[in-house]
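> Sequence:
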Amino acid sequence: MLPSLPLLLALPFLMAVAVAAFPRSSRSTAAWLAALAPLGGLAILGWLTPAIMDGQVVRSLMPWLPQIGLDFALRLDGLAWMFAGMVLGIGALVVLYARYYLSSQDNAHRFYCYLLLFMGAMLGMVISGNLLLLMVFWEMTSISSFLLIGFWSHRKDAREGARMALVITGGGGLALLGGVLLIGRIVGSFDLDVVLAAGDQIRASALYPYALFLVLAGIFTKSAQFPFHFWLPHAMAAPTPVSAYLHSATMVKAGVFLLARLHPALAGTDLFFYTVSGIGALTLLIGAWNAIFQHDLKGLLAYSTISHLGLITLLFGLSTPMAVVAGVFHILNHATFKASLFMAAGIIDHETGTRDMRKLGGLRKLMPFTSALAIIASLAMAGIPLLNGFLSKEMLFAEALTAGGPGTMRTAVSIAALLAGVFGVAYSLRFVHDTFFGPGPHDLDRVPHEPPRWMKVPVEILVVICVAVGIAPALTVAPVLHAAAGSILGNAMPEYSLSVWHGFNLPLAMSAIGVVGGVALYFGLRKLINLHGVQNTATGRNVFHAQLDTVSALAMRLTNGIANGSLQRMLLGLVLVAITVAAAPYIANPASPNWTKPQPIPLLGWALWLVMMACAVATLRVYKQRLLAVLLVGGVGLMVSLTFVFLSAPDLALTQLLVEMVTLVLMLLGMNYLPAQSGPERPRWRKQRDAVIAIIAGAGLGAMAYSAMTLPPNTMAGEMLARALPEAYGQNVVNVILVDFRGFDTFGEITVFGIAALVVHALLRRTRMAPEQIMPGPPIKLPVPADLAQIMFPLTLTVSIFLFLRGHNAPGGGFIAGLVLAVPLLIQYVIQGTASVESRFGFDYIRCIGTGLLIALLSGSASMLFGVPFLTSGHVDLHLPLIGEVPLASAIGFDIGVYLVVFGGAMLMLSMMATVKPSRTRSARKGEIDLQRRSARTGEMH
1 MLPSLPLLLA LPFLMAVAVA AFPRSSRSTA AWLAALAPLG GLAILGWLTP
51 AIMDGQVVRS LMPWLPQIGL DFALRLDGLA WMFAGMVLGI GALVVLYARY
101 YLSSQDNAHR FYCYLLLFMG AMLGMVISGN LLLLMVFWEM TSISSFLLIG
151 FWSHRKDARE GARMALVITG GGGLALLGGV LLIGRIVGSF DLDVVLAAGD
201 QIRASALYPY ALFLVLAGIF TKSAQFPFHF WLPHAMAAPT PVSAYLHSAT
251 MVKAGVFLLA RLHPALAGTD LFFYTVSGIG ALTLLIGAWN AIFQHDLKGL
301 LAYSTISHLG LITLLFGLST PMAVVAGVFH ILNHATFKAS LFMAAGIIDH
351 ETGTRDMRKL GGLRKLMPFT SALAIIASLA MAGIPLLNGF LSKEMLFAEA
401 LTAGGPGTMR TAVSIAALLA GVFGVAYSLR FVHDTFFGPG PHDLDRVPHE
451 PPRWMKVPVE ILVVICVAVG IAPALTVAPV LHAAAGSILG NAMPEYSLSV
501 WHGFNLPLAM SAIGVVGGVA LYFGLRKLIN LHGVQNTATG RNVFHAQLDT
551 VSALAMRLTN GIANGSLQRM LLGLVLVAIT VAAAPYIANP ASPNWTKPQP
601 IPLLGWALWL VMMACAVATL RVYKQRLLAV LLVGGVGLMV SLTFVFLSAP
651 DLALTQLLVE MVTLVLMLLG MNYLPAQSGP ERPRWRKQRD AVIAIIAGAG
701 LGAMAYSAMT LPPNTMAGEM LARALPEAYG QNVVNVILVD FRGFDTFGEI
751 TVFGIAALVV HALLRRTRMA PEQIMPGPPI KLPVPADLAQ IMFPLTLTVS
801 IFLFLRGHNA PGGGFIAGLV LAVPLLIQYV IQGTASVESR FGFDYIRCIG
851 TGLLIALLSG SASMLFGVPF LTSGHVDLHL PLIGEVPLAS AIGFDIGVYL
901 VVFGGAMLML SMMATVKPSR TRSARKGEID LQRRSARTGE MH
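Reminder that position 396 of the sequence shown reads as 396 in my numbering, one-by-one numbering, no gaps.
Some clues are possibly wrong.
Unchecked claim - Derived Cβ-Cβ restraints for the label pairs, each shown as a range:
| id | residue 1 | residue 2 | range |
| --- | --- | --- | --- |
| 1 | G404 | E495 | 36 to 44 Å |
| 2 | L878 | P66 | 28 to 36 Å |
| 3 | K156 | G404 | 42 to 50 Å |
| 4 | F437 | A553 | 43 to 51 Å |
| 5 | A472 | A512 | 54 to 62 Å |
| 6 | L865 | Y274 | 41 to 49 Å |
| 7 | A697 | L865 | 28 to 36 Å |
| 8 | P683 | P66 | 30 to 38 Å |
| 9 | D844 | Q790 | 37 to 45 Å |
| 10 | L207 | R358 | 33 to 41 Å |
| 11 | K156 | P650 | 53 to 61 Å |
| 12 | G404 | L444 | 16 to 24 Å |
| 13 | L878 | D690 | 53 to 61 Å |
| 14 | K156 | L401 | 41 to 49 Å |
I should point out that these hints are in silico values taken from the structure, not numbers from a laboratory. In this text, a Cβ means the ideal position worked out from N, Cα and C, and glycines have one as well.
Sequences and hints are given; from them, build the entire structure.
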């Protein structure tokens with residue numbers, strides 16, 4: 001049973017890769033591939049259902065970073081099972097709906113990739129068994145929802161909505177991370193079982209108020225609670241399938257899920273009661289009132305979503321066992337009727353070309369089937385009897401009447417619940433009346449009609465659920481509700497009845513008042529004011545943009561003050577910070593270094609170091625002669641390489657030598673982007689200052705290097721030497737450290753290297769230079785060097801593969817091999833030019849980087865399928881005919897990724913540096929350059 005949870009989590013991500021791998025497949029194929037994830041996940045959940053219904057908790061544990069309490073722990077109890085079912089079930093319906101909603105101009109493959117990424121993030125969040133792991137998936141939901149909301153990136157409102165959602169929920173995520181860390185500090189563990197069992201310990205801690213407010217900040221931002229609610233209506237710029245998914249069952253429910261998940265640990269104090277219930281009640285009323293005056297169908301549904309999320313938050317804030325049951329129940333009910341309403345709104349928009357209720361009306365005659373479905377779902381949202389929304393609304397009224405705290409609190413909660421009932425009926429009635437009844441439609445550019453048959457199927461399924469739960473709750477939703485609420489309350493689970501009729505009582509009277517009051521309010525407003533003429537002001541949006549502009553202005557001033565284009569200033573700041581950070585521990589705790597007696601240096605060592613120093617000093621003397629200065633700097637690097645050879649470090653020597661070769665070419669190519677004449681000389685005092693700083697930094701680095709080289713043998717180095725062969729199956733300790741012991745660091749480094757290459761590509765691909773001098777005549781041809789460079793390539797490729805294959809047991813490896821392969825191509829770029837080389841090779845360096853990162857990630861993750869940490873090595877001895885025994889370590893897969901990323905990244909940067917596009921200006925093409933009009937930063941003519 002244990003492997004089922006990792007498979008459940010992996011399915012959306014695997015299917016996202018599958019959809020992306022076939023970008024030329026049909027839209028139907030992409031939809032089927034995307035649907036396999038939720039359908040397969042539902043099958044796994046169905047298999048686990050008997051255990052969940054028996055009250056069991058299904059777990060899966062894989063150690064990840066146990067030193068900091070982070071394990072890849074998955075945990076499926078009743079609450080997680082219910083949410084996973086919602087994510088997968090509604091996700092499958094959204095996939096089907098999107099197949100017919102998206103136009104032929106929309107990139108369906110990209111849409112499904114984003115959708116599956118979000119689905120996987122939500123699944124990971126709800127089944128996480130570790131708070132730190134939950135935070136990882138929490139942030140993934142923010143990023144993937146940003147991509148989904150901004151899917152129509154050509155629209156300004158989509159870009160603004162996506163940015164607003166990311167900033168608000170991302171800021172809340174940072175607050176939540178602080179709260180999680182405080183909880184871990186209080187409890188001493190991030191394991192969810194331990195945290196849920198330590199409620200008394202958490203509430204008794206002095207850190208409890210801080211942890212509570214930080215966690216609630218994350219919850220309120222994610223679930224659009226006041227005062228962070230304003231981002232949700234602007235997220236309606238997303239395609240309707242996104243709105244139906246994110247704003248019914250998933251993203252906005254992430255906050256209330258966490259509120260329910262941590263309820264046993266955080267609830268039970270007056271601080272929790274007043275804060276959560278107060279914010280929930282305020283959000284409930286603000287959202288409901290604003291929904292009445294919206295003109296956009298999705299805008300009305302967005303504010304109603306805010307209101308219902310406030311209702312759920314209020315119920316969890318009341319904290320009584322029945323309030324918790326009611327909160328869980330309404331999470332289910334809201335997901336069904338709100339998803340169906342969003343899809344119905346999308347159908348109306350799809351068939352009429354507008355969501356503006358001022359242009360709609362009378363659609364019941366043109367779209368009778370869709371109208372019937374939307375009306376039923378709207379009645380469920382209003383809480384009309386025999387529909388699911390009525391049952392959870394009755395529970396709200398009952399709990400409001402018995403709320404804890406002083407009498408004034410009970411009265412306030414009861415009034416808020418009653419007003420919410422009135423407002424809910426009013427905005428539901430406006431949705432129905434202005435869309436399906438009355439005169440209209442008018443000013444449309446098409447004749448409305450029913451959508452394709454399969455586009456209505458998801459709405460039909462959800463509406464049938466609304467009716468079935470409303471008529472027979474005990475037969476439909478009772479087991480699900482009992483399992484989910486029981487996982488929160490445990491032994492405090494109350495006895496309750498889900499029957500439709502409880503007799504004449506006060507909650508029923510409040511429901512009746514709500515219905516009558518809502519009808520009266522809506523038609524009263526229609527007579528008193530012109531609802532269609534109401535101008536809605538986006539106060540939250542305006543405040544958000546004002547604050548964002550203020551922060552951006554401050555950031556720009558700070559950036560201009562520090563990064564003003566002066567490389568010298570940036571380098572000076574970097575070196576000063578490094579000196580300060582390195583010297584701080586010694587200043588705080590002065591201690592003389594315990595250096596051993598130095599060994600005598602042979603004559604060869606003195607010779608190498610004297611040449612190195614001579615090259616370094618000579619560089620300072622001839623720095624104005626750039627070509628000569630670059631060659632001298634290369635001489636310093638060569639001497640460093642020979643010093644590594646002298647110190648018996650062949651891996652480092654080979655790496656240093658290859659890096660110097662690539663860097664030398666990079667610096668030569670970079671001269672294209674420098675003006676012919678250097679700037680004015682710097683003042684003498686600045687030279688003296690820089691010399692002092694350089695001497696201090698160099699002396700510090702020298703002392704650190706000497707301290708490291710004179711450490712006793714019984715340190716970490718000795719341990720790695722002892723463990724390399726028996727545990728990582730490699731004799732080359734340097735390579736074993738890179739791909740095994742510190743493989744996660746290496747993965748981060750190649751990721752940064754790949755990103756740097758992509759940044760260089762993005763900066764230079766459209767750069768155009770105005771040359772200061774145009775050489776007369778055609779380019780000089782060098783046939784002999786060109787032929788030699790082409791002859792060298794297959795030989796170098798062979799050497800590269802040889803160094804790669806031997807890297808685990810002898811000097812070599814993916815990093816060195818990638819640079820070896822890059823060198824002959826660089827020579828060809830220099831001799832023959834970019835166009836000639838790329839016309840023959842046609843190599844996609846960007847795809848090479850992406851492939852390398854993917855291979856490294858998959859090969860590192862493969863070990864987790866066997867229950868061992870990321871990048872744990874395996875080993876096998878292959879017996880091949882004629883060749884004999886070939887030892888093979890699984891780390892070779894990770895090294896292949898390193899190989900591809902290093903080669904692709906180096907070649908991408910150097911090829912972009914070698915491609916200098918001419919200026920578009922006529923004077924620049926003729927070589928008539930006015931240095932006063934030439935940009936000092938871009939080289940382009942003004």
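> Each hint needs a verdict: does it hold in this structure or not?
Hint by hint, here is what the structure shows:
Here the CB-CB span from G404 to E495 is close to 19 Å, at odds with the stated 36 to 44 Å. Range check, L878 to P66: about 33 Å between beta-carbon atoms, so the 28 to 36 Å window is met. Range check, K156 to G404: Cβ separation about 47 Å, and the 42 to 50 Å hint holds. Between F437 and A553 the beta carbons are some 50 Å apart, a value that agrees with the proposed interval 43 to 51 Å.
Judged by the Cβ atoms, the range 54 to 62 Å given for A472 and A512 is violated: they are separated by roughly 23 Å. Judged by the Cβ atoms, the range 41 to 49 Å given for L865 and Y274 holds: they are separated by roughly 48 Å. At roughly 46 Å, the beta carbons of A697 and L865 sit outside the given window of 28 to 36 Å. Between P683 and P66 the beta carbon distance is about 56 Å. The supplied range of 30 to 38 Å is therefore violated.
In this structure the hint that D844 and Q790 lie 37 to 45 Å apart at CB is violated, the actual value being about 21 Å. Hint check: L207 to R358, Cβ distance near 52 Å, so the stated range 33 to 41 Å is violated. At about 58 Å, the beta-carbon gap between K156 and P650 stays in the expected band of 53 to 61 Å. Distance hint check: the CB atoms of G404 and L444 are about 53 Å apart, inconsistent with the given range 16 to 24 Å.
Our hint of 53 to 61 Å for L878 and D690 holds, since their Cβ atoms are close to 57 Å apart. With their beta carbons about 47 Å apart, K156 and L401 fall inside the hinted range of 41 to 49 Å.
The earlier numbered hints that this structure contradicts are 1, 5, 7, 8, 9, 10 and 12.
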